[in-house]
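Enquirer: Whenever a hint applies, use it, and build me the whole structure from the sequences.
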Amino acid sequence: MTSTPAAIARAAYTTFEPFHITAYFNPGLKAAGEDTGLDGHAWYFASRAAPMGRTTAGVVAAAFYNFNPALVERVWPAALDAGLDKVADRRWAMLESSLGDALGDLAGQPELLTVADRLRDIGDTAVFAGRPLAAAWHSSARPEVPHLALWHSIAVIREWRGDGHLSALLDAQLDPTEAVVFHEAIHPDPKARRVLGKRITQLTRQWSDEEWDSAAERLVARGLLTRTDGKEHLTDAGVVLDTHIESRTDELASAIWRDVPDAEDLVGSVRPYVKAVIDAGILPGTKKR
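In the working numbering, the protein residues as written are 44 to 332.
Hint data in this document are derived by calculation from the structure and do not stem from the laboratory. It is possible that part of the hints are untrue.
[What the hints assert, rightly or not] Straight-line distance between alpha carbons at most 20 Å, and here's what the computed EDC-like set of lysine to aspartate or glutamate pairs gives:
(1) K331 - D144
(2) K73 - E154
(3) K274 - D252
(4) K318 - E154
(5) K318 - D132
(6) K234 - D279
(7) K129 - E60
(8) K274 - E254
(9) K331 - E139
(10) K241 - D218
(11) K129 - E139
(12) K274 - D308
(13) K73 - E139
(14) K274 - E260
(15) K234 - E60
(16) K241 - E254
(17) K318 - D148
(18) K241 - E260
(19) K241 - D272
(20) K129 - E187
(21) K330 - D144
(22) K331 - E60
(23) K73 - D128
(24) K73 - D144
(25) K241 - D256
(26) K241 - D252
(27) K241 - D285
(28) K318 - E139
(29) K318 - D308
(30) K129 - E77
(31) K274 - D285
Expert: Written out as structure tokens, the structure reads:
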């Protein structure tokens with residue numbers, strides 16, 4: 044293996060992410076929400092947190108970190124009323140259709156299940172202490188349909204990395220609102236990271252202008268941001284911290300790849316399925332090819 048385990052972890056994240064987010068960005072979401080009686084926010088939390096079971100809104104907010112807890116308190120009861128098992132079943136049906144259509148003939152290749160099984164085995168080696176969302180997904184039933192099995196195997200690894208990222212944010216002493224504002228601040232290198240933009244971030248995470256401004260001022264006081272014409276910019280210290288957070292996240296995600304001799308090839312073997320999803324044009328910013 045020519046790359047370090049941390050580099051493999053980063054490559055796995057960037058490679059797998061488009062496949063994973065099909066659960067939260069695809070043309071079938073509207074119908075799924077209507078079938079379960081849930082709005083967009085309620086469907087998202089119900090679908091992603093379903094493996095956590097009938098826990099409290101506070102627990103869900105803690106696991107999701109950068110969403111306003113008031114939002115979770117508002118929509119989680121509706122998710123519970125709709126039935127988490129019902130939502131999960133509807134999610135799998137939606138993904139079976141969306142991913143099946145996107146993959147086409149690839150969905151029938153035996154290699155797909157082989158890759159799914161390999162990634163499941165890697166997920167099985169993970170230590171889930173301190174990683175509650177990943178632990179919940181790991182304990183959930185994996186569908187037998189091959190492309191859904193692949194999605195589930197990826198979800199465990201993805202959420203395991205995500206839980207580690209929250210640890211990096213905690214170590215950086217960024218509270219949930221600060222983490223959002225910090226991430227969306229303008230980086231000197233436009234290609235350094237992907238951002239949603241302030242408007243969409245506030246819409247999806249439900250932080251008010253007052254909460255946003257207060258967090259920004261705290262970050263300015265720490266020397267991590269500057270504010271010009273109502274826009275936040277990372278300072279040199281902010282860039283250093285941002286780099287540290289990402290590097291630390293990769294390091295925390297590297298353990299499961301250390302004893303996989305063909306890790307690079309395995310990550311590469313997922314790329315044709317990811318490319319098919321991207322080429323299907325079902326994700327934001329993509330067009331059908």
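Enquirer: Each hint should be assessed against the structure and marked as holding or not.
Expert: Hint by hint, here is what the structure shows:
1. As the CA atoms of K331 and D144 are separated by approximately 12 Å, the hinted pair is consistent with the 20 Å bound.
2. Restraint check for K73 and E154: not satisfied, since their Cα atoms lie roughly 32 Å apart, outside the 20 Å limit.
3. For the proposed pair K274 and D252, the alpha carbon gap of about 12 Å is at most 20 Å, so the pair holds.
4. For the suggested pair K318 and E154, the alpha carbons sit about 16 Å apart, so the restraint of at most 20 Å is met.
5. About 26 Å separates the Cα atoms of K318 and D132, which puts this hinted pair outside 20 Å; it is violated.
6. Straight-line distance between C-alpha atoms of K234 and D279 comes to about 16 Å, which keeps the hinted pair within the 20 Å bound.
7. Among the hinted pairs, K129 with E60 is inconsistent with the structure: their alpha-carbon atoms are about 25 Å apart, more than 20 Å.
8. A threshold of 20 Å between alpha carbons decides the hint, and for K274 with E254 the separation of about 15 Å falls inside it, so the pair holds.
9. The suggested pairing of K331 with E139 holds, with an alpha-carbon distance near 19 Å, which does not exceed 20 Å.
10. Among the hinted pairs, K241 with D218 is consistent with the structure: their alpha-carbon atoms are about 17 Å apart, no more than 20 Å.
11. At most 20 Å may separate the alpha-carbon atoms for a hinted pair to count; K129 and E139 meet this at roughly 15 Å.
12. The suggested pairing of K274 with D308 is violated, with an alpha-carbon distance near 42 Å, which exceeds 20 Å.
13. Taking the CA atoms of K73 and E139, the gap is near 16 Å; set against the 20 Å cutoff, the hint holds.
14. The hinted pair formed by K274 and E260 meets the criterion: a straight-line CA distance of about 12 Å does not exceed 20 Å.
15. Between K234 and E60 the alpha-carbon distance is near 17 Å, which keeps this suggested pair within the 20 Å criterion.
16. For the proposed pair K241 and E254, the alpha carbon gap of about 13 Å is at most 20 Å, so the pair holds.
17. Between the alpha carbons of K318 and D148 the distance comes to roughly 13 Å, so the proposed pair stays at or under 20 Å and holds.
18. Between K241 and E260 the CA atoms are separated by roughly 15 Å; this keeps the pair inside 20 Å, and the hint holds.
19. Our distance criterion of 20 Å between C-alpha atoms is met by K241 and D272, whose separation comes to about 14 Å.
20. Proposed proximity of K129 and E187 is supported: the alpha carbons are some 18 Å apart, at most 20 Å.
21. Distance hint between K330 and D144 is fulfilled; the C-alpha atoms sit about 15 Å from each other, no more than 20 Å.
22. For a cut-off of 20 Å, the pair hint linking K331 to E60 stands: about 18 Å separates their Cα positions.
23. Pair hint K73 plus D128 holds up; C-alpha atoms about 18 Å apart against a cutoff of 20 Å.
24. Taken as a hint, the K73 and D144 pair is honoured in the structure, with Cα atoms around 17 Å apart against an allowance of 20 Å.
25. About 11 Å separates the Cα atoms of K241 and D256, which keeps this hinted pair within 20 Å; it holds.
26. Straight-line distance between C-alpha atoms of K241 and D252 comes to about 10 Å, which keeps the hinted pair within the 20 Å bound.
27. Of the pairs offered as hints, the one joining K241 and D285 holds, with about 18 Å between alpha carbons and a cut-off of 20 Å not exceeded.
28. With a CA separation close to 17 Å, the supplied pair K318 and E139 stays within the 20 Å bound.
29. In summary, the hint linking K318 to D308 is supported, as the alpha carbons are separated by about 16 Å, within the 20 Å threshold.
30. Restraint check for K129 and E77: satisfied, since their Cα atoms lie roughly 13 Å apart, inside the 20 Å limit.
31. For the suggested pair K274 and D285, the alpha carbons sit about 18 Å apart, so the restraint of at most 20 Å is met.
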